[in-house]
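Colleague: Note that the protein sequences, when read in sequence, are chains C and W.
For the first sequence, the numbering used here assigns the number 1 to the initial residue and increments by one for each residue that follows.
For the second sequence, the numbering used here assigns the number 1 to the initial residue and increments by one for each residue that follows.
Derived from the structure by calculation, the hints contain no laboratory data.
These numbers were taken from a predicted model, which means no experiment stands behind them.
Backbone N, C-alpha and C define an ideal beta-carbon position, used for all residues, glycine too.
Hints are not guaranteed to be accurate.
Label pairs and their calculated CB-CB ranges [said to hold, decoys possible]:
{"hint": "1", "chain 1": "C", "residue 1": "G16", "chain 2": "W", "residue 2": "A17", "range": "35 to 41 Å"}
{"hint": "2", "chain 1": "C", "residue 1": "Q80", "chain 2": "W", "residue 2": "Y73", "range": "41 to 47 Å"}
{"hint": "3", "chain 1": "C", "residue 1": "F74", "chain 2": "W", "residue 2": "G16", "range": "42 to 48 Å"}
Facing chain C, from chain W, some residues (calculated, C-beta under 7 Å) [as the list claims (entries may be wrong)]:
{"hint": "4", "residue": "N24"}
{"hint": "5", "residue": "S28"}
{"hint": "6", "residue": "Q33"}
{"hint": "7", "residue": "N38"}
{"hint": "8", "residue": "L43"}
{"hint": "9", "residue": "A65"}
{"hint": "10", "residue": "Y69"}
{"hint": "11", "residue": "Y73"}
{"hint": "12", "residue": "F100"}
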Amino acid sequence: DAGVIQSPRHEVTEMGQEVTLRCKPISGHNSLFWYRQTMMRGLELLIYFNNNVPIDDSGMPEDRFSAKMPNASFSTLKIQPSEPRDSAVYFCASSLHYSNQPQHFGDGTRLSIL
Amino acid sequence: GIQVEQSPPDLILQEGANSTLRCNFSDSVNNLQWFHQNPWGQLINLFYIPSGTKQNGRLSATTVATERYSLLYISSSQTTDSGVYFCAVGTHNYGQNFVFGPGTRLSVLP
Numbered sequence: 001d002a003g004v005i006q007s008p009r010h011e012v013t014e015m016g017q018e019v020t021l022r023c024k025p026i027s028g029h030n031s032l033f034w035y036r037q038t039m040m041r042g043l044e045l046l047i048y049f050n051n052n053v054p055i056d057d058s059g060m061p062e063d064r065f066s067a068k069m070p071n072a073s074f075s076t077l078k079i080q081p082s083e084p085r086d087s088a089v090y091f092c093a094s095s096l097h098y099s100n101q102p103q104h105f106g107d108g109t110r111l112s113i114l
Numbered sequence: 001g002i003q004v005e006q007s008p009p010d011l012i013l014q015e016g017a018n019s020t021l022r023c024n025f026s027d028s029v030n031n032l033q034w035f036h037q038n039p040w041g042q043l044i045n046l047f048y049i050p051s052g053t054k055q056n057g058r059l060s061a062t063t064v065a066t067e068r069y070s071l072l073y074i075s076s077s078q079t080t081d082s083g084v085y086f087c088a089v090g091t092h093n094y095g096q097n098f099v100f101g102p103g104t105r106l107s108v109l110p
């Protein structure tokens, strides 16, 4: 079975540009999570969805960040405008249920903002 | 929010040795998971274990929720076990209260 699929794997762009990260969860999973990993702050939960509805976005760092889940098989995380401090690895994960099931992670997107 | 501590921060083992990694958390939880991040950066779910004991091959985990800790045991370690092991915990109020610990970096030498 296919796991969580993220694209692109790597993204390098200049500050001020819009960045869009994409995620396809495991088929049949009802919950989707976006995380950010940096050396300084470790792994941080940004936002999670259940049945395509955002449940908690309190981890989103600023209004420059937004996430959508238009259907059960696709989610995006956008940063506009991007800044160098947004450089990080962004992970998407999915699970059968957000509170009591294991999470399965994609391979991540390594984002570098110059 | 919940505080999560992991110990030791770093661990170096010879192949074949056993080890115990510890995760302490500051509040009651209903969700606890162990992950392995391999040297290529992939995060692999090892256990969903809010309480009790589970085993999967050479790995096992025990969570004592009433005492707010969990242990991950690795037996007969192999070089492929190298990487960072994370504990992550959550509560019924999920949101920012789903927190990853800082990790234990394990190096298994041949």
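Colleague: Compare the structure with each hint and give your call.
Modeller: Verification of the hints:
Evaluation of the 35 to 41 Å hint for G16 of chain C and A17 of chain W yields a failure: the beta carbon distance comes to about 51 Å. The given range of 41 to 47 Å is respected by Q80 of chain C and Y73 of chain W, whose C-beta atoms sit roughly 45 Å from each other. A hinted range of 42 to 48 Å for the beta carbons of F74 of chain C and G16 of chain W is consistent with their spacing of about 45 Å. The interface hint given for N24 of chain W is violated, since its Cβ lies 16 Å from the closest Cβ of chain C, which is over the 7 Å cut-off.
Below 7 Å, beta-carbon pairs count as interface contacts, and S28 of chain W has none with chain C, the closest being about 14 Å; its hint is therefore violated. With a cut of 7 Å, the hint placing Q33 of chain W at the interface with chain C holds, because the nearest CB-to-CB distance is about 6 Å. The interface hint given for N38 of chain W is violated, since its Cβ lies 11 Å from the closest Cβ of chain C, which is over the 7 Å cut-off. Taking 7 Å as the C-beta cut-off, the interface hint given for L43 of chain W holds, the closest approach to chain C being about 4 Å.
Because the smallest distance between the Cβ of A65 of chain W and any Cβ of chain C comes to about 14 Å, over 7 Å, the interface hint for this residue is violated. A distance limit of 7 Å between C-beta atoms decides the matter here; for Y69 of chain W the minimum to chain C is near 19 Å, and the interface restraint is violated. For Y73 of chain W, the interface hint is violated, the least distance from its beta-carbon to any beta-carbon of chain C being 19 Å, above 7 Å. The interface hint given for F100 of chain W is met, as the beta carbon of that residue sits about 4 Å from the closest beta carbon of chain C, less than 7 Å.
Against the hints set out earlier in the document, violations occur for numbers 1, 4, 5, 7, 9, 10, 11.
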